[in-house]
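Novice: Letter by letter, the chains look like this.
There are 4 protein chains.
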Amino acid sequence: MAVKIFVTGGTFDKEYNELTGKLFFKDTHINELLKMGRCKADVSVRTLMMIDSLEMTDTDRNIIVESCKRAEEERIVITHGTDTMTETAKVLAEQVKNKTIVLFGAMIPIKFGSSDGLFNLGSALAFAQSLPHGIYIAMNGRYYNWDNCRKNRDSGFFEEIK
Amino acid sequence: MAVKIFVTGGTFDKEYNELTGKLFFKDTHINELLKMGRCKADVSVRTLMMIDSLEMTDTDRNIIVESCKRAEEERIVITHGTDTMTETAKVLAEQVKNKTIVLFGAMIPIKFGSSDGLFNLGSALAFAQSLPHGIYIAMNGRYYNWDNCRKNRDSGFFEEIK
Amino acid sequence: MAVKIFVTGGTFDKEYNELTGKLFFKDTHINELLKMGRCKADVSVRTLMMIDSLEMTDTDRNIIVESCKRAEEERIVITHGTDTMTETAKVLAEQVKNKTIVLFGAMIPIKFGSSDGLFNLGSALAFAQSLPHGIYIAMNGRYYNWDNCRKNRDSGFFEEIK
Amino acid sequence: MAVKIFVTGGTFDKEYNELTGKLFFKDTHINELLKMGRCKADVSVRTLMMIDSLEMTDTDRNIIVESCKRAEEERIVITHGTDTMTETAKVLAEQVKNKTIVLFGAMIPIKFGSSDGLFNLGSALAFAQSLPHGIYIAMNGRYYNWDNCRKNRDSGFFEEIK
Chain D
226 MAVKIFVTGG
236 TFDKEYNELT
246 GKLFFKDTHI
256 NELLKMGRCK
266 ADVSVRTLMM
276 IDSLEMTDTD
286 RNIIVESCKR
296 AEEERIVITH
306 GTDTMTETAK
316 VLAEQVKNKT
326 IVLFGAMIPI
336 KFGSSDGLFN
346 LGSALAFAQS
356 LPHGIYIAMN
366 GRYYNWDNCR
376 KNRDSGFFEE
386 IK
Chain F
226 MAVKIFVTGG
236 TFDKEYNELT
246 GKLFFKDTHI
256 NELLKMGRCK
266 ADVSVRTLMM
276 IDSLEMTDTD
286 RNIIVESCKR
296 AEEERIVITH
306 GTDTMTETAK
316 VLAEQVKNKT
326 IVLFGAMIPI
336 KFGSSDGLFN
346 LGSALAFAQS
356 LPHGIYIAMN
366 GRYYNWDNCR
376 KNRDSGFFEE
386 IK
Chain S
226 MAVKIFVTGG
236 TFDKEYNELT
246 GKLFFKDTHI
256 NELLKMGRCK
266 ADVSVRTLMM
276 IDSLEMTDTD
286 RNIIVESCKR
296 AEEERIVITH
306 GTDTMTETAK
316 VLAEQVKNKT
326 IVLFGAMIPI
336 KFGSSDGLFN
346 LGSALAFAQS
356 LPHGIYIAMN
366 GRYYNWDNCR
376 KNRDSGFFEE
386 IK
Chain B
226 MAVKIFVTGG
236 TFDKEYNELT
246 GKLFFKDTHI
256 NELLKMGRCK
266 ADVSVRTLMM
276 IDSLEMTDTD
286 RNIIVESCKR
296 AEEERIVITH
306 GTDTMTETAK
316 VLAEQVKNKT
326 IVLFGAMIPI
336 KFGSSDGLFN
346 LGSALAFAQS
356 LPHGIYIAMN
366 GRYYNWDNCR
376 KNRDSGFFEE
386 IK
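Residue numbers (this note's numbering), protein chains in the order written: chain D, 226 to 387; chain F, 226 to 387; chain S, 226 to 387; chain B, 226 to 387.
Bound-form chain D, shown alone:
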């Protein structure tokens, strides 16, 4: 069961710049995490962009949509900043049919010792392989339908709307 992984950035992939003390993007950590997880699922990774999701534009979202449409795989995982994850999910839901697409991210960069990134990657990959067609968000060990969740900015957790 082939799964495409599109990388778009987000907290998940942020690094610490020891000269400036600022967080920044370099390469994705997806591949080293897949190795750590001894992953043998049939995945292929492609980086579309490396940005903070607060800076994601309509053009960026269009790139994600087009990439999902053009992907041969029916099952897709997207790494994404949590702040605007539901917005991208909405655009995908409007434009991409007949695919299972799972967006996920991390609250803590995976380079930090206490990151939720590896756990979330494991669950996103699993949901992508087992859920029916549709657009989902996988965070906090659960999945949410794209039109039924939001990030609670006070707690940092995702929650159902209804």
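Don't take each hint at face value.
Intra- or inter-copy, both count: the list cannot distinguish identical chains.
Stated by the list, open to error - List time: in silico DSS-like cross-link candidates among lysine-lysine, alpha-carbon distance up to 27 Å: (1) K260 - K387; (2) K265 - K315; (3) K336 - K247; (4) K251 - K265; (5) K260 - K376.
The hints are simulated quantities; they were obtained by calculation from the structure and are not laboratory data.
Knowing the structure of chain D, use the given hints to seat chains F, S and B on it.
Specialist: Same frame as chain D, now just chains F, S and B:
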């Protein structure tokens, strides 16, 4: 969607005894991993035993079977040593119906920096929430039907039989 | 051989705020690091402040100087941001005599997987126990006399001036 | 100030074999730890052997002694299993003069998340650069003269004899 997690031991939960240099079992690390994963799924954890799966007896397997039968939850995750994971899966398949049960473990103790345990926990929890009734093994970022996989002892990876 | 450890903040103790994505200070990590190092040296820890060394004022430096003077211990270790470490060292050299004082910090917060903090703590504690009276900076596995080093802001490493 | 680092094995460098569940030796982790510590001290590393110190023979100890004698550096750090560290220190004290030699090890393999190895390396390197000629053991954030310490096998800590 309520998920029961039964802990039975295995490499996943092994600790290093710094006085003897041997690996041993103390408490499970499931709760700290769920916290690290910021898990908000409706899970409850119960430790059934803390043993190496090579030492698992018929009596032990019976405890696991009975615990799965008695659990109110329809969806169950079991931590288990990888060496005899398929044997326990077989016994479960014979005796437990109408439940989704996912067994998983780790090749490296989660106390090691490079463990696959957190990734596997994320995927096992996700599969338990999304797969139909049946007995499954979740390792290497995939799931396997209980009667269609084995651990390749040379590579350390699980693989399909057919 | 009693050693006093004064905590002043710096990159060493920075945490990641998962709600804002910013780095911030909470409690010092010195005690957990001493425990990880199985430290049995006769140390006592006191937090003087928790600040970025770029924001350190004359008043702050005066607190550090007075704390060193008043300390019963002849041997003192100070955690400090690397950016103005040499400035504080200079003030200490002018005002504190007959003590061995070692300043150190970290280029990467110790909560990151790849931090130099634990290594630097080990070396700072060792230098404090073995060097003659004077003011020193311990970074990069070495010690520097207070009046003979600077931080190279391009490389992130300390270097001798002469 | 040039420092030679001789590697002999010990818990410090043990790895987990995920196929057998046993600990074993591969390559030393000294170089990656020096890099993590952003070490700029003038060190050169040489692996003499990779063994458990309980299996160290007179021949092995002779290799260590001869290597210390032949080293151009006056300052030497030796990684060593903690169980027979004091025995090797005794042989060194009898045969190597006019050098500062610091033995250290770890109670927990550095590949474990909670290892004391990085802390101990930092302190051993510092003591090697600052202590007068003699043979020392650096563990638990302290140094001990070779003829005044033993490992307490109940607590796992080193302690003074007198």
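Novice: The structure should be examined with respect to each hint, and the outcome stated for every one.
Specialist: Quick rundown of the hints versus the structure:
Within a single copy, K260 and K387 get their C-alpha atoms only as close as 38 Å, which misses the 27 Å cut-off; across copies the closest is 25 Å, which meets it. In this homomeric assembly, K265 and K315 come within 27 Å of each other (Cα to Cα) only across copies, at 23 Å, whereas the closest approach inside a single copy is 31 Å. Taking identical chains as interchangeable, the C-alpha atoms of K336 and K247 lie at most 27 Å apart whether they share a chain (14 Å) or sit on different chains (15 Å). Taking CA atoms no more than 27 Å apart as the test, K251 paired with K265 passes in both settings, with 25 Å inside one copy and 25 Å between copies.
Taking the shortest alpha-carbon separations for K260 and K376, only the inter-copy value of 18 Å comes in at or below 27 Å, while the best intra-copy value is 29 Å.
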